[in-house]
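J.: Line by line, the protein sequences are chains A, B and C.
For the first sequence, this note's numbering gives the first residue as 2, with consecutive numbering after it.
For the second sequence, this note's numbering gives the first residue as 6, with consecutive numbering after it.
For the third sequence, this note's numbering gives the first residue as 61, with consecutive numbering after it.
Be aware that a few hints might be false.
Unchecked claim - Below are the DSS-like pairs computed for lysine-lysine, each with C-alpha atoms no more than 27 angstroms apart in a straight line:
| hint | chain 1 | residue 1 | chain 2 | residue 2 |
| --- | --- | --- | --- | --- |
| 1 | C | Lys97 | C | Lys190 |
| 2 | C | Lys196 | B | Lys31 |
| 3 | A | Lys165 | A | Lys139 |
| 4 | A | Lys165 | A | Lys132 |
| 5 | A | Lys165 | A | Lys34 |
| 6 | C | Lys374 | B | Lys257 |
| 7 | C | Lys97 | B | Lys31 |
| 8 | B | Lys257 | B | Lys182 |
| 9 | A | Lys397 | B | Lys274 |
| 10 | B | Lys112 | A | Lys397 |
| 11 | B | Lys112 | A | Lys5 |
| 12 | A | Lys397 | B | Lys31 |
| 13 | C | Lys97 | C | Lys196 |
| 14 | B | Lys274 | C | Lys429 |
| 15 | A | Lys397 | B | Lys116 |
| 16 | B | Lys182 | A | Lys5 |
| 17 | A | Lys5 | C | Lys97 |
| 18 | B | Lys274 | B | Lys257 |
Everything labelled a hint here was simulated from the structure, so no lab data went into it.
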Amino acid sequence: MDIKVRGPHPTEAERLAVDAVLGQAVSAWAGGKRDLGREGRISLLGGSEARAERHLLLPALHAVQDRFGWLPPGAIAYICQRLTIPPAEAHGVATFYHLFTHQSGAPIHVHVCDDIACRHTGGLDLLAQLKQQHTGSKVVEIHSSPCLGLCERAPAALVLRSGKIPQGCAVGHATSDTVAAALPADTFPDAGMDWLLATVPQQGQPGADLALLTRVGRGDPASLADYQATAGYAGLRASIALGGEKTIAEVTTSGIVGRGGAAFPTGRKWDAVARATDPVRYVVCNADESEPGTFKDRLLMEGDPFALVEGMTIAGVAVGARQGFLYIRGEYPLAIRRMQGAIDQAVAAHLLGDNILGSGHDFHITIRRGAGAYICGEETALFNSIEGQRGEPRNKPPFPVLHGLFNQPTVINNVETLANIPLILRQGGAVSAALGTPGSKGRKLFCVSGHVARPGVYEFVFGITLRQLISQAGGVPGNRPIQAVLLGGAAGGFVGPAQLDVPLTLEGTRAIGASLGSGVVMVFDDSADLGDTLARIAAFFRDESCGQCVPCRVGVTRQEELVGRLRHGQTIGSPADELALLEEIGQVMRDASICGLGHTASSALQSALRLFGPGILAEKHA
Amino acid sequence: MNEPEMWYKAPPRPTLIPLPPVRATKPQVELTVDGQTVRVPEGATLLDACMERGIDTPTVCFHPNYTPVNVCRVCVVELEGARTLVPSCSRLAEPGMVVKTDSPRVKTSRKMVLEFLASSVDLSTAPELLARCQEYGARPERYGPPAPPATDRDSRAAGHHHEPAGNEAQRVAQPVKIDNGLYIRDYSKCVLCYKCVQACGDEAQNTFAIAVAGRGFDARISTENAVSLPDSACVYCGNCIGVCPTGALMFKSEHTLRAQGTWDETRQKQTDTICGYCGVGCTLTLHVQDNTIVKVTSPADQDITRGNLCVKGRFGHESIQNRGDEPELPA
Amino acid sequence: MGGGTNSYQEIEETEVILLWGSNARETHPIFFHHLLKGVHHGARLFAIDPRRTSSVRWADTWLGLDVGTDIVVANAVGREIIAQGWHNQAFIDHATTGFAEYRHSVEPFTLAEAERLSGVPAPAIHQMAKAYAKAKTAIICWTLGITEHHNGVDNVSALINLALLTGHVGRHASGLNPLRGQNNVQGGGDMGALPDRLPGFQHVEVDALRQKFEQAWGTTIPPTRGWNLTQMLEAMGNRQLTALLVLGENPLQSESDRHHTEHLLRSLDFLVVQDLFLTPTAELADVVLPAAAGWCESEGTVTNSERRVQRVRKALEPPGEARDDGEILFDLARALGHDWGEFNAEKVWNELRALSPVHAGMTYDRLEKEHGLQWPCFDEAHPGEMFLHSRLWEQPLNGPPVAFQVVAHSPPVENLTTEFPLRLTTGRRLDDYNTGVQTGGFDSPLRRGETIDLCPEDALALGLTDGEWVRVVSPRGAIDAPVRLSNGLRPGLAFMTFHFQDSVNTNILTIDATDPRSGTAEFKACSIRVEKKSL
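Whole structure, please, built from the sequences with the hints as guidance.
T.: Listed below in structure tokens is the structure:
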């Protein structure tokens, strides 16, 4: 491809940083050394071959950001040459993600969550404090961040240290002191076992029935031996013994549906991919957990990483895929480390890779790291992100089971879904199917945060009510009355105190016009400024819309403006007109957007207005 | 061919007219559109079905020669059984589909999309879109007075943004980019239909000088690092201008005449002819005002160019125009 | 009949494309769109070119041969196909003659020998042979890299042999396609602007054909072929040709060896130039007839590289005294004693239709409605032929078989010597055209003026830096130009265009060795040296 790369030459360090992930350049036309003896008369890298490297763009950009704390133009130009990517497209991709920095600055980036769970628990103050503290710093740059998925330990911060050995860590219950303590190299406040245990309040409680979370906080997540000692890999062995078709049948029997929010039957998805005529298939695990208030997938990856590896492996073997991708959001450095460790150990133990357990099946897992984009949790946006394109969702149909990653048949499942798989195979699908309600079978993880005594991830067989769950989490501190509960995250909706007896099942929540979504249960007591929360949600969608389709791109912008007007009492038309307009904006986003982001960008706001009326938006003056 | 005898004799006529290999004729798909039965070949879209029935459907990002990007969402229709509306430009017709193109939901969505565009983009050189706004009753003024132009749109980072007060409607308004003598880019008029990116990309030119950059409302068409066109990979084929539906991309000649107030389409004549440069045989549509070529396009529905030209065909007519300035013949 | 055998659309559906001696990315950009559609649909692209051009950079495989060794590579491909048994024996038996002689002639061109002569590594030649032979459909395209040699006709024959060997001709998405470098070169040939042809490729030396025209025109036509351009220049040299009418050409700048050409033009008794511009050639003329631009100031037709006859239309009034070429020619005829009446493009066209069977079905009406028609188009019900030579696949064979042409390798006329050690090859760039008369007028942001392109290694060896002005010397003359470093070149290979003759007169350097059969000069190969200019 005759791309024109006119950027500056890379420095030696920039070249090394890129080569570290891409290997040596084979051709002078791909950034390597000119050697006419080898390629004076032939091309060492053919046109279509060179164009097939595009999917390495995101890893290469990460390598540069990790090394320098920003994306120097020389390094980008070198990446473009290496991967035969037009510079304009590389720019388009790099500017899509908010973890990439485009101006030279500090080597350490601290992202402080100001999202719905953290902002009222000290996040906003911390952000202001840190910003002031590091004004003009050449070492530390402070950014405000959308939800970091650490809601049980709000307020949260993420420290990303660039350099020769790049490191990242999360800081829970962050203060300016704990953040300062996390700045030096080799400090990992998120690595301990105590907080793991704390995040699963049910662990060790009498009567707690844990299956998905049973190992979290107890076994060493870095130990394959610990995993195998607690029934680990029994599922894969069972699956190999059953063969692909029967494995899929067990999954179908279990009645499990996707736990990412869309609730599509997993068995049907696998079956469709297994039946595809195209032999090149993929298994993708969606670990881009970015829904504000959601942190269960992170916990599973940090606390029980082998279960996910096993689940993915069972999926890969069952549908006949040879390659899997695990796409983890870039804000989860510990999860990425733990998963890579688990994958490496599994490969060494022949539980992954070529000829798994002597079965003749090959399956490989590659981790791909997100770079800060909520939208990449949308499955087709995630495919585009892996492929080195902008994370813009694709129109559906066609569906991923036939036209997924690299346009090939693809199984894409959420972490929690795949973590269920070893269990289902070990126990048999019928065991799982017997649990729960007719419309919601098996077990579910709930991310409980906000005004509760014991925030954390809770595991229950489907059927528990919201009131019971909140009570399990210790109720509202100080016994204050509940003002509202956000179910399903920013893309979900609010329920009021009158609806606390709703069973947290798919059908139960649907019956009251709410949704279970990813299992977010965020409690707001009567002191909370819900208007501020709604404004933050509106801003969140304005930040996170990919910008591709008009209804969402402009809709989220107009919605945010309107919330601002209503909040400040500066309406343009009559308040009734403005509310009608808000409803119309919501309607076009729901009806005409390409993907779920637009479809749900107004749902939390609309649910709150239905529950509480427009007064809820008015600014509260303490 | 090279048979010596054939230098003298014309080769015989083939018995059959050479034609491409016969492809199986596609089965017909029968569906219902606005209560009427429509039959279209398999692989046809709902937009095709609408056109088959003569149903006027607004589009912005659709281009008949390109893979639909279905981003503008103005062509949405209501499909029975679907939770949301579907884009007619890309949704394939299936047997038994029941489609409504004039339901209140469809009308509202179309109105809102047009309203969103009209409130955020300068549509002054997009008469077709303005007419659609009127047709659907779009009222862009509902979002408040327009916010002033911004100068930082090219450098806006993804993620957190400055929260708006809400009392004025944010727009994509920004200064016009004039960085070469051939064409200008006025992104205040950009509806982000992606067609220019497609034209520059693998749908036609394969030069990839521009791409969409940024995210959300700050998404924009950009060269790498927003450099000027002469510093970019641009080869000035102008195929992006050819597909721009709003005049955001415009011949410099047109831009200048418009600025002078002398651009007058009623005085322009369009004539199709063949480019005088290489032997490919590209059809040029010459737009002539006052015996001067003010713009060159190519018909999208002819198979040689499909609307595309190269820099010579698109812009290389100046020397013809400047002949009046030739020196007199030497005495 | 000479013309591309396929339509542009077919290259979008073929499996293998051999782009031979062509930088179509820059010289035929819109054709290249079609080619890239093919590539995106999965076609394998082989590029055979001494330079690693922007076209080459799209290729899956590049064969960077030495200038003037195309026959070596083509014959080696042929030999490899035969040696491996990949040739289409059934087609050869059915539709060709001379296979045994061809096989014998390519025998010496082993992969090793081809590598020695052309520089192309043997595996690449093998790969191309295999891909081309095994493909269900394959297209060869070429431009002036094949024809602008002293043996250009042989080069073309070598490529045709490959198509005959594999049966990649006469079928949809398989064929041989020269890309015409200039608008209506094809049409000029169609209309009989060839030394041996009357309109519609009808040979002047075939009595029946000639008599048909004589009858229609009420005049006698010389029964033998005329001169091609080379022969005309020769005839000027020996004073057999003393008066010349030049229509829309700028031979002073476009012909090789400018000094020699200028001498010949000046030696004419009478030179008339009919042109849009006062070109340097026109400046030498006794009479200049200002012409209207054919493509926008007059009515008529042109023919493109896929044999499509297309309408040109008048969009502008020509300036000053400029007039339609046809009107000028009608007036000339009248002045010479033949009154052809009032000039009317459609009437002229209909006369052609009456005399040229391959154009007979192309009415102006149809050309308008069907966006042009591809010849042959024998009658008004005929749709025109999408691809040529389908008769070769008919059972039994329709018409005579086609003969393989035995062609021998003949290196460029001018050897490299210690005095002139660099091979200069010439070509075009995207935004400019030929001698720059037309393109010079628009403000192309891409234009960087003439340069002598050298590889960094040669520049280093000569102590030259990018942008430095140097003296370029060939056995015929010397010019000054700035150096441009180009990674697409290798040591010993230099490149220039001929777009900027007013400032840098490349054709002072080029050689006038021409192919006697085509009259095309060897623009692609002369020898030069580059001298550092003393400050």
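J.: Next step is simple, just say for each hint if it's right about the structure.
T.: Here is how each hint holds up against the structure:
For a cut-off of 27 angstroms, the pair hint linking C:Lys97 to C:Lys190 stands: about 23 angstroms separates their Cα positions. This hinted pair checks out: C:Lys196 and B:Lys31 have alpha carbons roughly 24 angstroms apart, not beyond 27 angstroms. Distance check on the hinted pair: A:Lys165 and A:Lys139 sit about 18 angstroms apart at the alpha-carbon level, within 27 angstroms; holds. The straight-line distance between the Cα atoms of A:Lys165 and A:Lys132 is roughly 26 angstroms, inside the 27 angstroms bound, and the hint therefore holds.
Using a Cα cut-off of 27 angstroms, the hinted pair A:Lys165 and A:Lys34 holds, with the two alpha carbons roughly 24 angstroms apart. Between C:Lys374 and B:Lys257 the alpha-carbon distance is near 24 angstroms, which keeps this suggested pair within the 27 angstroms criterion. For the hint linking C:Lys97 to B:Lys31, the alpha-carbon distance of about 23 angstroms falls within 27 angstroms, and the restraint holds. Straight-line distance between C-alpha atoms of B:Lys257 and B:Lys182 comes to about 11 angstroms, which keeps the hinted pair within the 27 angstroms bound.
As the CA atoms of A:Lys397 and B:Lys274 are separated by approximately 43 angstroms, the hinted pair breaks the 27 angstroms bound. Proximity of B:Lys112 to A:Lys397 is assessed by CA-CA distance (about 22 angstroms); at most 27 angstroms being required, the pair is judged to hold. For a cut-off of 27 angstroms, the pair hint linking B:Lys112 to A:Lys5 is broken: about 45 angstroms separates their Cα positions. Annotation: proposed proximity of A:Lys397 to B:Lys31 holds, straight-line Cα distance about 23 angstroms (limit 27 angstroms).
Among the hinted pairs, C:Lys97 with C:Lys196 is consistent with the structure: their alpha-carbon atoms are about 18 angstroms apart, no more than 27 angstroms. Between B:Lys274 and C:Lys429 the alpha-carbon distance is near 19 angstroms, which keeps this suggested pair within the 27 angstroms criterion. With a C-alpha separation of about 23 angstroms, the suggested pair A:Lys397 and B:Lys116 falls inside the 27 angstroms cut-off, and the hint holds. Between B:Lys182 and A:Lys5, the direct Cα distance comes to roughly 21 angstroms. Compliance with the 27 angstroms bound is thereby established for this hinted pair.
Between the alpha carbons of A:Lys5 and C:Lys97 the distance comes to roughly 20 angstroms, so the proposed pair stays at or under 27 angstroms and holds. A threshold of 27 angstroms between alpha carbons decides the hint, and for B:Lys274 with B:Lys257 the separation of about 19 angstroms falls inside it, so the pair holds.
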